[in-house]
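Position chain U relative to chain B; hints supplied.
Number of protein chains: 2
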Amino acid sequence: MIGTSQSMRIPSRTSLAKSLIGVLSVAGWPARLFTIAGPAGSRRGALTGAPFAPITAAMEPVRVAAVGVGLWGKTLASAAAKDTGLAVVACTSRSADTRAEFARVHGCRALPSLDAVLADPEVEAVLITTPHSVHAAQVVAAASAGKHVFVDKPFALTVADARRATEACRRAGVVLAVGHQRRRQAANRALRRLLDEGALGRVAQIEGNMSGEIAFSSRLTPAAWRAAPAETPAGAMTNLGIHHVDTYQYLLGPVARVMALSRRVVLTGVEVDDATGILLEFAAGPVGYLGTSWVHASRTSYLTLHGTDAQAWSEADGARLLLARRGRTEREAVPLAAVDPVVEELAEFARCVRDGTAPEVGGEQATANVAVLEAIVESARGGRAVDVAR
Amino acid sequence: MIGTSQSMRIPSRTSLAKSLIGVLSVAGWPARLFTIAGPAGSRRGALTGAPFAPITAAMEPVRVAAVGVGLWGKTLASAAAKDTGLAVVACTSRSADTRAEFARVHGCRALPSLDAVLADPEVEAVLITTPHSVHAAQVVAAASAGKHVFVDKPFALTVADARRATEACRRAGVVLAVGHQRRRQAANRALRRLLDEGALGRVAQIEGNMSGEIAFSSRLTPAAWRAAPAETPAGAMTNLGIHHVDTYQYLLGPVARVMALSRRVVLTGVEVDDATGILLEFAAGPVGYLGTSWVHASRTSYLTLHGTDAQAWSEADGARLLLARRGRTEREAVPLAAVDPVVEELAEFARCVRDGTAPEVGGEQATANVAVLEAIVESARGGRAVDVAR
Chain B
1 MIGTSQSMRI PSRTSLAKSL IGVLSVAGWP ARLFTIAGPA GSRRGALTGA PFAPITAAME
61 PVRVAAVGVG LWGKTLASAA AKDTGLAVVA CTSRSADTRA EFARVHGCRA LPSLDAVLAD
121 PEVEAVLITT PHSVHAAQVV AAASAGKHVF VDKPFALTVA DARRATEACR RAGVVLAVGH
181 QRRRQAANRA LRRLLDEGAL GRVAQIEGNM SGEIAFSSRL TPAAWRAAPA ETPAGAMTNL
241 GIHHVDTYQY LLGPVARVMA LSRRVVLTGV EVDDATGILL EFAAGPVGYL GTSWVHASRT
301 SYLTLHGTDA QAWSEADGAR LLLARRGRTE REAVPLAAVD PVVEELAEFA RCVRDGTAPE
361 VGGEQATANV AVLEAIVESA RGGRAVDVAR
Chain U
1 MIGTSQSMRI PSRTSLAKSL IGVLSVAGWP ARLFTIAGPA GSRRGALTGA PFAPITAAME
61 PVRVAAVGVG LWGKTLASAA AKDTGLAVVA CTSRSADTRA EFARVHGCRA LPSLDAVLAD
121 PEVEAVLITT PHSVHAAQVV AAASAGKHVF VDKPFALTVA DARRATEACR RAGVVLAVGH
181 QRRRQAANRA LRRLLDEGAL GRVAQIEGNM SGEIAFSSRL TPAAWRAAPA ETPAGAMTNL
241 GIHHVDTYQY LLGPVARVMA LSRRVVLTGV EVDDATGILL EFAAGPVGYL GTSWVHASRT
301 SYLTLHGTDA QAWSEADGAR LLLARRGRTE REAVPLAAVD PVVEELAEFA RCVRDGTAPE
361 VGGEQATANV AVLEAIVESA RGGRAVDVAR
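For the protein sequence lines, the chains are B and U, in the order given. Per our numbering, residue 1 is the first one in the first sequence, and the count goes up by one each step. Per our numbering, residue 1 is the first one in the second sequence, and the count goes up by one each step.
Hint data in this document are derived by calculation from the structure and do not stem from the laboratory. Please note: incorrect hints may appear among the correct ones.
Unchecked claim - Here are the simulated distance ranges between beta carbons:
(1) Ala81(B) with Pro335(U): 34 to 40 Å
(2) Asp309(B) with Glu315(U): 17 to 23 Å
(3) Arg299(B) with Gly107(U): 55 to 61 Å
Just so we're clear, the structure is a prediction, and the values are computed from it rather than from any experiment. Beta carbons are placed, not taken as given, at the ideal position from N, Cα and C, and that holds for glycine.
Chain B extracted, bound-state conformation:
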């Protein structure tokens, strides 16, 4: 919606959120655009699928610093430039050369350390894309310095760390947003709407796979932080599978219990698993499966829901959604609008900083994903079912 509705007169997101709690249809807005992310009224700012208020000239851009300038740090900085309401004004990374190059490309200042970023009065917020294990400490440090935080998934590797980071942001009164952008894919938004409408009936099973191509796995060298077992437990879960965990819980509610099987089948020279399978028992009933791997011939991202009234297939990275209703063999394509989930999540972050509202995926939602991750890691190690921490 960003950029396409600039000329429309739209109520502020805050007032929209208030008026939509428990109400799915608003005069002047097509009802299908709106769904609520949780039980009605349970989450502040948990609007999903609703258009954001457009960025207007009146809103001062939020000045952010990139903490971490690797592949995803660059992706976020490029997306931030697309009318999100964020302005990248600084960056930092361990390597002076790397941060200088990033600063040149993105027209910002290179700072020598996180401390320097947090001490910089121009910086209002940070975009953290550093190794997983340091996320929590960096979030706490940023919050203590009064900086708003956008941090990449996984939020943390343990529930204890995730709670500590969430609490630090709450105490400091800063916005905390976690980069689970894939729930924003058009297919996932449409799936959520279909579920809310009851179009799928009772869901018996959910299945999906989120895997990387083997060409990427050449980066998993002993020198790469991502190949360290401490950073990457349960194979590709921290990098890829965690996305589906967020989407699954977004669609079907909390996962109560998991079983996991994780091995190294193909890779050599590194300790990281490359093929991981997970079973998930949802509190609401369904039995789920999530597969993740580093070594598929090509990238894999699919998600399937098997309901009693219809089955649905999200394909092509959430750009295509097929639906087969009971008694019909053909699959119908569900019309989807084009969305850029990364641009959308960054625009939401900017808006939350300015409005003081909460993002859709904040500390609480991201901690629920970390809890599933931690249970998966424990199950894969112990070969038994593990309850997800609540």
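Using the frame of chain B, we list chain U on its own:
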């Protein structure tokens, strides 16, 4: 091949099997038709994908009795009539009305009991489609009476029963064939060939789901034997999932360990689970997933292989196979010949009875599937990984 190659001069299946052990190309036969089901030379008669010798007028039809005349008993009898070399001459079931109706439709004699069938000198072989828990005892009884045995999957519910039944047939010198016909689907034969050729590279993951439509689940009443927990452990595994277990082991070799999660999500009034997820660790490396359920909106049968050089999708009950090679986004359709797996397995059974050769899925292969089933049931009950019995 049956019925289409009557005019061709073809060596007997026995001589073909001998000449093909370890040899994939035979003069006059396209090499792609032939693959070996196990390590070369490891299994007697383990030819797969090879054409059967045609039924000739010289071969006397094998006179079989249907033991069990339910849905699958009827399906087998109808298929048997399609030039398989079997002649259904008798039937039996618990209900006099049901067996009389079957006898009328299929033009055979209705006999009052299994004992009567086994005492009947005209009957050379039995087609067993009775409740799972009685398969083993009936196979042993048939073997003791010198009757050849074709028995539906699951062969048995325990490895002990499966071994007992296998040994009885071996001692009696009768043919034992088990109805795992789905490995004969065109897509599975082609997948096996692609794997043998190394076209997929190293396989990291296999995923599939084999589930029934919810309309069928209306048959799962307390009065139906299939709804008894003792007959149907681990939900739809015994009815549907066991097919994929056979196909998985046919494609990737033995499963070493499983984890399973099985629940009742939708059904009420019966004790049977309706949603089951299973993780499988293959001895050769890959991590597998199998989902099975009674309550999907429509029937589900898919199977996906994720290899390092290519990924493959078997769809439409094995009638469509798509392949995506590394570095290419489009999926190519693999050309498949039309096959009728049930007709083919029955024709093979007739040929084995007359030739004294072993069928592709005999007691040993079927016992390996029962071993996986038994481990799945134990894992679902205990919530932990279970090694598959060898």
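Here is what the structure says about each hint:
1. At roughly 48 Å, the beta carbons of Ala81(B) and Pro335(U) sit outside the given window of 34 to 40 Å.
2. About 22 Å separates the C-beta atoms of Asp309(B) and Glu315(U), a value consistent with the hinted range of 17 to 23 Å.
3. Between Arg299(B) and Gly107(U) the C-beta distance comes to about 57 Å, which sits within the given range of 55 to 61 Å.
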